[in-house]
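Each chain, written out:
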Amino acid sequence: MIASLLRVAAMTQRYLLLLASSWPRLLELVYWPMMQILVWGTLQFYLSERSSSFVEISGTLVGGVLLFDVLVRGQLGLSVTFLEETWSNNLGNLLMSPLRPVELVASMMLMSVVRAVIGLLPVTLVAIFLFDFNVYQLGFALLPFFLNLVVTSWAIGLFVSGLVLRHGAAAESLVWSLVFALLPLCCVYYPVGVLPEWLQPVSLALPPTYVFEGLRAMLLENAFRADLMLRAFALNALYLAAALYGFLRLLRSARASGSLLSSGA
Amino acid sequence: MTLAIDIGDSRTELQAQTSGRPLPTSFMERLERLPARYFARRRPAALALSVEGLTKIYGSTAIVEDVSFTLPRGATLGLLGSNGAGKTTTIGMILGLVTPSQGRAVVLGHDMACAPYEILHRVSFVSPYIAMPAKLTVRQNLLVFGRLYGVAELERRIEELSEQFEIAELLDRVFGGLSAGQKTRASLVKALLNAPDLLLLDEPTASLDPESAEWVRELLGGYLRQHGAALLLASHNMQEVEQLCERVVILHRGRVAELGAPRGLIEDYDCADLHEVFLEVCWRQSSGCDLGASAF
Numbered sequence: 196m197i198a199s200l201l202r203v204a205a206m207t208q209r210y211l212l213l214l215a216s217s218w219p220r221l222l223e224l225v226y227w228p229m230m231q232i233l234v235w236g237t238l239q240f241y242l243s244e245r246s247s248s249f250v251e252i253s254g255t256l257v258g259g260v261l262l263f264d265v266l267v268r269g270q271l272g273l274s275v276t277f278l279e280e281t282w283s284n285n286l287g288n289l290l291m292s293p294l295r296p297v298e299l300v301a302s303m304m305l306m307s308v309v310r311a312v313i314g315l316l317p318v319t320l321v322a323i324f325l326f327d328f329n330v331y332q333l334g335f336a337l338l339p340f341f342l343n344l345v346v347t348s349w350a351i352g353l354f355v356s357g358l359v360l361r362h363g364a365a366a367e368s369l370v371w372s373l374v375f376a377l378l379p380l381c382c383v384y385y386p387v388g389v390l391p392e393w394l395q396p397v398s399l400a401l402p403p404t405y406v407f408e409g410l411r412a413m414l415l416e417n418a419f420r421a422d423l424m425l426r427a428f429a430l431n432a433l434y435l436a437a438a439l440y441g442f443l444r445l446l447r448s449a450r451a452s453g454s455l456l457s458s459g460a
Numbered sequence: 082m083t084l085a086i087d088i089g090d091s092r093t094e095l096q097a098q099t100s101g102r103p104l105p106t107s108f109m110e111r112l113e114r115l116p117a118r119y120f121a122r123r124r125p126a127a128l129a130l131s132v133e134g135l136t137k138i139y140g141s142t143a144i145v146e147d148v149s150f151t152l153p154r155g156a157t158l159g160l161l162g163s164n165g166a167g168k169t170t171t172i173g174m175i176l177g178l179v180t181p182s183q184g185r186a187v188v189l190g191h192d193m194a195c196a197p198y199e200i201l202h203r204v205s206f207v208s209p210y211i212a213m214p215a216k217l218t219v220r221q222n223l224l225v226f227g228r229l230y231g232v233a234e235l236e237r238r239i240e241e242l243s244e245q246f247e248i249a250e251l252l253d254r255v256f257g258g259l260s261a262g263q264k265t266r267a268s269l270v271k272a273l274l275n276a277p278d279l280l281l282l283d284e285p286t287a288s289l290d291p292e293s294a295e296w297v298r299e300l301l302g303g304y305l306r307q308h309g310a311a312l313l314l315a316s317h318n319m320q321e322v323e324q325l326c327e328r329v330v331i332l333h334r335g336r337v338a339e340l341g342a343p344r345g346l347i348e349d350y351d352c353a354d355l356h357e358v359f360l361e362v363c364w365r366q367s368s369g370c371d372l373g374a375s376a377f
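Taken in order, these protein sequences are the chains called A and B.
Heads up, the first sequence is in our numbering, so the first residue is 196 and it goes up one at a time.
Heads up, the second sequence is in our numbering, so the first residue is 82 and it goes up one at a time.
Source of the hints: derived by calculation from the structure; they are not laboratory data.
Errors might be hidden in some of the hints.
The calculated lysine to any residue pairs, modelled on SDA-like cross-linking and capped at a C-alpha distance of 25 Å, are [claimed, not checked]: (1) B:K216 with A:S216; (2) B:K216 with A:W282; (3) B:K216 with A:V309; (4) B:K216 with A:W235; (5) B:K216 with B:E247; (6) B:K216 with A:P379.
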């Protein structure tokens, strides 16, 4: 057990050292979330000035942007950490070492949280000072929101990383794009009821939907919906287990197909 | 009171001190029923590597077919073959990177298809095609890998090997900024950090000038002798193979075409050196002459 934790710590150290040594990597973590919040926050101001009825729901726009970025940054944090190994031709070194696949996954999950926090902390401060939206006012409710979104991001990140492992560079574009397929379905900016009836069950099968519904309940009704968080948690447990199983199966498939020999391994 | 449990060839003495009262019968019965493996001293595997009928088929093409050889502990074996002969795939199956279609590779007594993680900490592999992360310094890379392999007294080990391989002045330089030769030496240091019992090298001196290559070969030879480690060397440098390897396996189109000691093969084929033997074997295989693999 201790040896396992030490290996996870070693890998986390490797990724932290890489991040600390590269200012473009650090800048990229903050850049896109900052652009997002500037655009959407300004849009929120504009609409609030134009329509008094919008003022009521304006916080949900910026709040939605921030929380969706947790999902995006979390997923990219995990997947890009994995891609760093393929880009640096280091995957083979790792797969031939005593490092177990689940230990590699654990270190990628840790880095996912680190990268998300580095990217979003400055953005939350900008939201406070420029757009008068303080996400920390959500209080303790922020924690289940954050945790649920991070776990969903892990599930997506593991899935696309497994695809890259098995199919190589051809699957890399999915790393950057797949999470955005959730944008219309997770009801980031609008309630589930706005969707067509036939699409609502699909939306309700996604854990982030409950997080964003919970956000709107907090901001508009000042109510913390624990039931929504529990449903999100239950779905996340299922999806994470499936994603981890899928990743390990894809790794096994990559060993059987010999693709590890040609994909940086 | 002393209990002696005789299990086959292994004897373990279990000393139980009591206050003078005999141990309860049920306790003694439980001891006797315990599986022998908890008490038997593990015998170290006699072979560092046993490759048994390794085969890898992609679609309908056999990239490696029925490859078998053994490598005793402390011995050295060269793995030769033309490009596409199956060397890399064979090494991949030995290391657990590729799942064999048939056959198995047993490393230090462990089947790599079933229990690779029990033994990988005692194995190392170096190849110019698998690099350490370029953005970290050499020292940072060695620290990370040393921790992955559970190396004790890691910093002292890094200093010691860095002095031996003359990369001490490179430790705080970014790995990606090193020359090819410097990267090779740093990679060899990384490979020896965990003092492996089985060392697999793929073209270890490809990027080195002749003087440096000779010096590295002497260092490697010294390490093998000192630690009793086994070496599997894949190389196109026949002089290097002759110098380092007691036996060679020549692969051709995925199959073992020849196996034997370099000197013996040179005599058998009436050639001047191993380079000529290699060419002769490849030519005969390509032209369909039935050589028959040497017995091992």
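Mind listing which of the numbered hints don't hold for this structure, in increasing order? 4, 6
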